[in-house]
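Engineer: So you can see what is in the structure, the chains are spelled out below.
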Amino acid sequence: MSRFFRVAWIVLRKDLTVEMRSLEIFSTSLFFAVSVVLFFAVAFVQEGRALDGAAAGILWIAVAFAGTLALGRTFERERQAETLRALLLAPADRPAIYVGKLLGIIALLLVTEVVLLPLIAYLFQAGFFSHLLWLAAILLAGTVGYCAVGTLFAAMLVRARSRDVLLPILLYPIAIPVIIAGVRATATLVAPEFDVALARFWLSLMAAYDVVFVTLALWSFEPLMTD
Amino acid sequence: MPKWFTPASVICALMFAVSPLLIANAPFESTMGLVQKISYYHMPSAWIFLIAGIVCGVASIRYLFQGNLSQDRLAQAAAELVVLFGALAIVTGPLWARKAWGVWWQWDVRLTSSLMGWMVSVAYVLVRKYGGPGSDKLAAGLALFGMANVPFIYISVNYWRTIHPKTSVVPKLPLQMGIPFWFCVVAFVLLFTLLLRLRVRLEEQRARVDELYLALD
Numbered sequence: 443m444s445r446f447f448r449v450a451w452i453v454l455r456k457d458l459t460v461e462m463r464s465l466e467i468f469s470t471s472l473f474f475a476v477s478v479v480l481f482f483a484v485a486f487v488q489e490g491r492a493l494d495g496a497a498a499g500i501l502w503i504a505v506a507f508a509g510t511l512a513l514g515r516t517f518e519r520e521r522q523a524e525t526l527r528a529l530l531l532a533p534a535d536r537p538a539i540y541v542g543k544l545l546g547i548i549a550l551l552l553v554t555e556v557v558l559l560p561l562i563a564y565l566f567q568a569g570f571f572s573h574l575l576w577l578a579a580i581l582l583a584g585t586v587g588y589c590a591v592g593t594l595f596a597a598m599l600v601r602a603r604s605r606d607v608l609l610p611i612l613l614y615p616i617a618i619p620v621i622i623a624g625v626r627a628t629a630t631l632v633a634p635e636f637d638v639a640l641a642r643f644w645l646s647l648m649a650a651y652d653v654v655f656v657t658l659a660l661w662s663f664e665p666l667m668t669d
Numbered sequence: 019m020p021k022w023f024t025p026a027s028v029i030c031a032l033m034f035a036v037s038p039l040l041i042a043n044a045p046f047e048s049t050m051g052l053v054q055k056i057s058y059y060h061m062p063s064a065w066i067f068l069i070a071g072i073v074c075g076v077a078s079i080r081y082l083f084q085g086n087l088s089q090d091r092l093a094q095a096a097a098e099l100v101v102l103f104g105a106l107a108i109v110t111g112p113l114w115a116r117k118a119w120g121v122w123w124q125w126d127v128r129l130t131s132s133l134m135g136w137m138v139s140v141a142y143v144l145v146r147k148y149g150g151p152g153s154d155k156l157a158a159g160l161a162l163f164g165m166a167n168v169p170f171i172y173i174s175v176n177y178w179r180t181i182h183p184k185t186s187v188v189p190k191l192p193l194q195m196g197i198p199f200w201f202c203v204v205a206f207v208l209l210f211t212l213l214l215r216l217r218v219r220l221e222e223q224r225a226r227v228d229e230l231y232l233a234l235d
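Line by line, the protein sequences give chains G and F. So that you can map any letter, position 151 of the first sequence is 593 in the working numbering, and since no number is skipped, the others follow by simple counting. So that you can map any letter, position 37 of the second sequence is 55 in the working numbering, and since no number is skipped, the others follow by simple counting.
If you are wondering where the hints come from, they were derived from the structure by calculation, not from laboratory data. Every value quoted in this text rests on a predicted model; they were computed, and no experiment measured them. A few of these clues could be false.
Stretches of chain F that chain G covers, calculated by requiring three or more beta carbons in the stretch to come under 8 Å of a beta carbon on chain G [said to hold, decoys possible]: (1) 53-67; (2) 144-151.
Residues of chain G placed beyond 10 Å of chain F at every Cβ, according to the derived structure [to be verified]: (3) Arg445; (4) Glu466; (5) Ala496; (6) Leu599.
The beta carbon of each residue, even a glycine, is placed where N, CA and C say it ideally should be.
Between the sequences and the hints, there should be enough to build the whole structure, so can you do that?
Structural biologist: The following block contains the structure:
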């Protein structure tokens, strides 16, 4: 078991080191997410008043779009350098490699979210920050669920011809429940009155989704990645 | 083709030819009137949509973990039928809803989960068609996750209100409405079986041609 986590940690550290040196994925996907938010701000904020409840939806749309970009790029990098084959040939558990990759993408998206939140809060006058712990839990649960499915599909798509087009096609229909739950949970935070029971319901739904989808991904990563 | 295929196709065609007459002669439902008659086609297509989805999911999982190529062909054939029957259900539903509820669409649990399931099947077909080599595994993975998705969509939308009629109305149908209804169900099941068999056969032939081609080389 400790070997499993050691492999995952090595893959994670490698990904973070590469990213820290180039900042390629972080800067490009953040720029993209900010552009998306600005488009929505132009469309939905009129005369200084934002549409009710729009902020929660826009946060998750921006995260989903930026996530797709980041997911595609992390594996594209491995493919270009021919390192994915090396990674898969390494005497390590395949699921451990998956976990390492997954943690790297989650970390990247969480940082993106931290930058996006104040921007959306500012543009849409949304009070995300009144319940910080809830906010952190909701963002973490949603991001884990989205990335769990995304990492698996992005890894499988490395060998496919039209991977850039296929990733959203595969990922979005499957990620819909977690995005619904994320939007609804975040909406409870910006609502005039914070409904704890409702927030707890959506959060636990996301947590259940995370558990099921991470388990499924770990279980099917091996057969899906073998030719 | 198996021996039963031709007679079964003839029976199926006849049943679909007769079904409008039976439906037209069935009594009017007291509150909804004429528009309720859509349900004679809507419900069977929705059921087949569900059955085809289950066939596709189970076959995909078996293909993924046992590597059985015939299961992959079955999954592909079933996925295309999910798209077909799902489209029928999703088109006929709003036609009825416009009259019964006053709106075309409602984010109700059944409608939403059907739409999402249908989207997964469309994604499956797109991946199969444009994914190139290795798309069989990709599609099987999609079907596996698509099946796991259903309960989550169901729970998340069930939290909102629901207005879709329950299936519990079926056993309570009066005989004059029950006969045309079950007649349509049988016709749809027959159509599904025939199309599935036909589509699997096409893939089998394709695989054989590939094999022969490779043997010639």
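Engineer: Work down the list of hints and note, for each, if the structure agrees.
Structural biologist: Each hint, compared with the structure:
1. Residue count for the region 53-67 of chain F with a Cβ under 8 Å from a Cβ of chain G: 0. That is fewer than the three needed, and the coverage hint is violated.
2. Chain G is given as covering the region 144-151 of chain F, and this holds because 6 residues of the stretch bring a CB closer than 8 Å to a CB of that chain, at least three being needed.
3. Non-interface status of Arg445/G relative to chain F is upheld: no Cβ of that chain comes within 10 Å, the nearest being about 25 Å off.
4. In this structure Glu466/G is separated from chain F by more than 10 Å, as the shortest Cβ-Cβ distance comes to about 26 Å.
5. No Cβ of chain F comes within 10 Å of the Cβ of Ala496/G; the nearest lies about 17 Å off, and the non-interface call holds.
6. Listed as outside the interface, Leu599/G is inconsistent with that label: its C-beta sits roughly 7 Å from the nearest C-beta of chain F, within the 10 Å cut-off.
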